[in-house]
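Student: Listed below are the residues making up each chain.
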Amino acid sequence: DTGVSQNPRHKITKRGQNVTFRCDPISEHNRLYWYRQTLGQGPEFLTYFQNEAQLEKSRLLSDRFSAERPKGSFSTLEIQRTEQGDSAMYLCASSPDRASGMKNIQYFGAGTRLSVL
Amino acid sequence: GESVGLHLPTLSVQEGDNSIINCAYSNSASDYFIWYKQESGKGPQFIIDIRSNMDKRQGQRVTVLLNKTVKHLSLQIAATQPGDSAVYFCAESSSGGASKIIFGSGTRLSIRP
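Top line first, the protein sequences correspond to chains G and X. FYI, in our numbering the residues of the first sequence are 1 to 117. FYI, in our numbering the residues of the second sequence are 1 to 113.
These aren't lab readings, by the way, just hints derived from the structure by calculation. Wrong hints could be hidden among the right ones.
Claimed, not checked - No farther apart than 25 Å at their CA atoms in a straight line, the calculated lysine-lysine pairs in the PhoX-like style are these: (1) X:K71 - X:K56; (2) X:K68 - X:K56; (3) G:K11 - G:K57; (4) G:K57 - G:K71; (5) X:K71 - G:K103; (6) G:K14 - G:K71; (7) G:K103 - X:K42; (8) X:K71 - G:K14; (9) G:K71 - G:K103; (10) X:K68 - G:K103; (11) X:K42 - G:K11.
Claimed, not checked - Residues of chain G placed beyond 12 Å of chain X at every Cβ, according to the derived structure: (12) P8; (13) I12; (14) R15; (15) Q41; (16) E44; (17) E56; (18) S62; (19) D63; (20) L91; (21) S95; (22) Q106.
As the list claims (entries may be wrong) - If you anchor each label on the Cβ, the simulated ranges turn out as follows: (23) X:V70 - G:L117: 39 to 49 Å; (24) X:Q81 - G:E83: 14 to 24 Å; (25) G:R81 - X:A29: 21 to 31 Å; (26) G:S58 - X:H72: 18 to 28 Å; (27) X:N22 - G:H10: 26 to 36 Å; (28) G:I26 - X:G96: 10 to 20 Å; (29) X:R51 - G:S66: 26 to 36 Å; (30) X:S12 - G:R59: 35 to 45 Å; (31) G:G16 - X:N22: 39 to 49 Å; (32) G:K71 - X:N22: 38 to 48 Å; (33) X:G41 - G:R81: 22 to 32 Å; (34) G:T38 - X:S95: 17 to 27 Å; (35) X:G16 - G:L117: 42 to 52 Å; (36) G:I26 - X:A29: 25 to 35 Å.
Computed from a prediction, not measured in an experiment: that's the story for all the values here. For every residue, glycine included, the Cβ atom is placed at its ideal position computed from N, Cα and C.
Only chain G is shown next, with the shape it has when bound in the complex (with noise of 0.2 Å):
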């Protein structure tokens, strides 16, 4: 498979725990984002990287939320402290950069459900 592929897919967590979730991109695409996902609601866009540079963070991304992309490949989303407030699907998305000559289309993973109990 060589689409966005996102795991843990269901992740479920007790009030106040930490978790990370992983993300590894489509290989050449040097841009990668993280998106948050309520029912019924469309994406909202939390962070995202080109190649390791964290080029713009939401005001949705509180100091308990931090992402990583360390090598410029995949990327890691952890939440501190969780709250229920945080249950939600997390969702990552990659592209090429526009000087790849190609269109920077996002294309999306499936996802990580997250359930904070």
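The hints should help you fit chain X onto chain G, whose structure is shown.
Tutor: Frame of chain G; chain X shown alone:
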């Protein structure tokens, strides 16, 4: 502020008929628009896109129309099939899609046999 909204939250269409899903946007700086399809348990799947210097673009069984005057976007699906059942999101970007995409809340398309 920026917003992308849809006129109807649900749409029921007879199999074989054409479907039209509408979307309004408010950011006049948007220069790139995308339609995504999301099936249950899956991530959004790219369908078709259009840049602001165009008013129509066609794909396989799908057509996107852009009316910048009234800030309106539509997705037309020809000969709707059961496999088209999903939630459809319009989305916009003011950076040609190079950074964040702003999604609307979605329209659920259901197909009647």
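Student: If you check each hint against the structure, which ones fail?
Tutor: 6, 8, 15, 16, 17, 20, 21, 22, 24, 25
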